[in-house]
Amino acid sequence: MHRTGELYEQYRTMEQQRETASLGMWIFLSTEVLFFGGLFMTYTLNRSTYPGIFSEASKTIKLSWGAINTVVLIGSSLTMAMAVWASQAGRKKALTCFLIATLVLGTVFLGIKSIEYHDKYVEHHIPGWNFNFEPGADAATNAHTQLFFSLYFGMTGLHALHMIVGAGLLIWLTKQSLKGRFTPEYNTPVENIGLYWHFVDIVWIFLFPLLYLIDRH
Amino acid sequence: MSEHHIVSPKIYFSIFGILMICTFLTVAAAEVDLNRYFSGLNIIVALTIAVFKASLVVLFFMHGKYSPKRTQLVIIASVFWLAIMLFMTMSDYITRQWT
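Chains as they are written, first to last, in the working numbering: chain P, 19 to 235; chain X, 2 to 100.
One thing to keep in mind: the hints can contain errors.
Claimed, not checked - Listed below are the simulated DSSO-like cross-link pairs for lysine-lysine, each with C-alpha atoms no more than 30 Å apart in a straight line: (1) P:111 <-> X:11; (2) P:111 <-> P:80; (3) P:138 <-> P:197; (4) P:111 <-> X:70; (5) P:110 <-> X:11; (6) X:11 <-> P:193; (7) P:197 <-> X:11.
Unchecked claim - Selected chain X positions facing chain P (in silico; Cβ < 8 Å): (8) 29; (9) 40; (10) 51; (11) 55; (12) 69; (13) 70; (14) 78; (15) 79.
In short, the hints are calculated from the structure, not lab data. Note that CB positions come from ideal geometry on N, CA and C, so glycine has one too.
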């Protein structure tokens, strides 16, 4: 594994080497789009089939936590983008700081998510397990709201899993950065993990309105 | 592209500001009943804002704007494939009731 930023023999220029690494990351992310795409497809179909029920179920999720988490996650994307900038500008200390800031914001996001999950547990809104949408809810309402909450937990759960993987990658990046491994000539891991982090942010940008903001009025 | 493009912090902070405004707008829009003007307008507004936000993240945070054409093709292809999945599946389900 090369870390010093030398040119590998199969490439003509550093530029070509860097673009190849970035292209590979984008191809991976396009498979991720389709990975999440299956869930978005299921969501679209079920919401178009049960629009009223989806709206009722969505209103039981606390909007404030979701809005705060959106700000936290977009903030972490900013610090990640700044980390990429710091690595390109050769500011090693700033790079470490921005990476740690991203990691902290990511952890805050997951912490808030766990509070939200706990709320749903208390409200008996976890599908298949003591599920009861509201006191006196009939069987059809319970069945269809469970569809919404299955998608809620499935989509935010897969998203949270990506965040946990991202946090692991950030810890590794921070360690490497403390050793001073990244230079303006060699920062491919920072750029590519940055791309991954922003992708996870984009997934949330869609999850937030789709899960939290169904006809709130 | 001879030299690797470095996006300045100024651009990152401006994009962050726009993203925050959009987040506020999407929450505000959800609390207004837009459906009475046009059925489904609420979701159209919500998704338009989400697509706009995602585009900003791809173009600036992810450097999509400054990437080589071949990388941009991969980005467009991923959205295109997703569109195929949504379009084909939904056109199947929606037309099943048609006789």
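Now for the hints, and whether the structure bears them out:
The suggested pairing of residue 111 of chain P with residue 11 of chain X holds, with an alpha-carbon distance near 19 Å, which does not exceed 30 Å. Annotation: proposed proximity of residue 111 of chain P to residue 80 of chain P is violated, straight-line Cα distance about 38 Å (limit 30 Å). Only pairs whose Cα atoms come within 30 Å are accepted, and residue 138 of chain P paired with residue 197 of chain P is rejected, the gap being roughly 43 Å. For the hint pairing residue 111 of chain P with residue 70 of chain X, the CA-to-CA distance comes to about 33 Å; that exceeds 30 Å, so the pair is violated.
A distance of roughly 19 Å separates the Cα atoms of residue 110 of chain P and residue 11 of chain X; the hinted pair therefore holds under the 30 Å criterion. Proposed proximity of residue 11 of chain X and residue 193 of chain P is supported: the alpha carbons are some 27 Å apart, at most 30 Å. Between residue 197 of chain P and residue 11 of chain X the alpha-carbon distance is near 28 Å, which keeps this suggested pair within the 30 Å criterion. With a cut of 8 Å, the hint placing residue 29 of chain X at the interface with chain P is violated, because the nearest CB-to-CB distance is about 10 Å.
Given hint, residue 40 of chain X at the interface with chain P, is violated; its Cβ is 10 Å from that chain's nearest Cβ, farther than 8 Å. Below 8 Å, beta-carbon pairs count as interface contacts, and residue 51 of chain X has one with chain P at about 5 Å; its hint therefore holds. Interface hint status for residue 55 of chain X: upheld, as the beta-carbon distance to the closest one in chain P is roughly 5 Å, under 8 Å. Look at residue 69 of chain X: its Cβ gets to within about 6 Å of chain P, closer than 8 Å, so that hint holds up.
Given hint, residue 70 of chain X at the interface with chain P, is violated; its Cβ is 11 Å from that chain's nearest Cβ, farther than 8 Å. Below 8 Å, beta-carbon pairs count as interface contacts, and residue 78 of chain X has one with chain P at about 6 Å; its hint therefore holds. The beta carbon of residue 79 of chain X comes within 3 Å of a beta carbon in chain P, closer than 8 Å, and the hint placing it at the interface holds.
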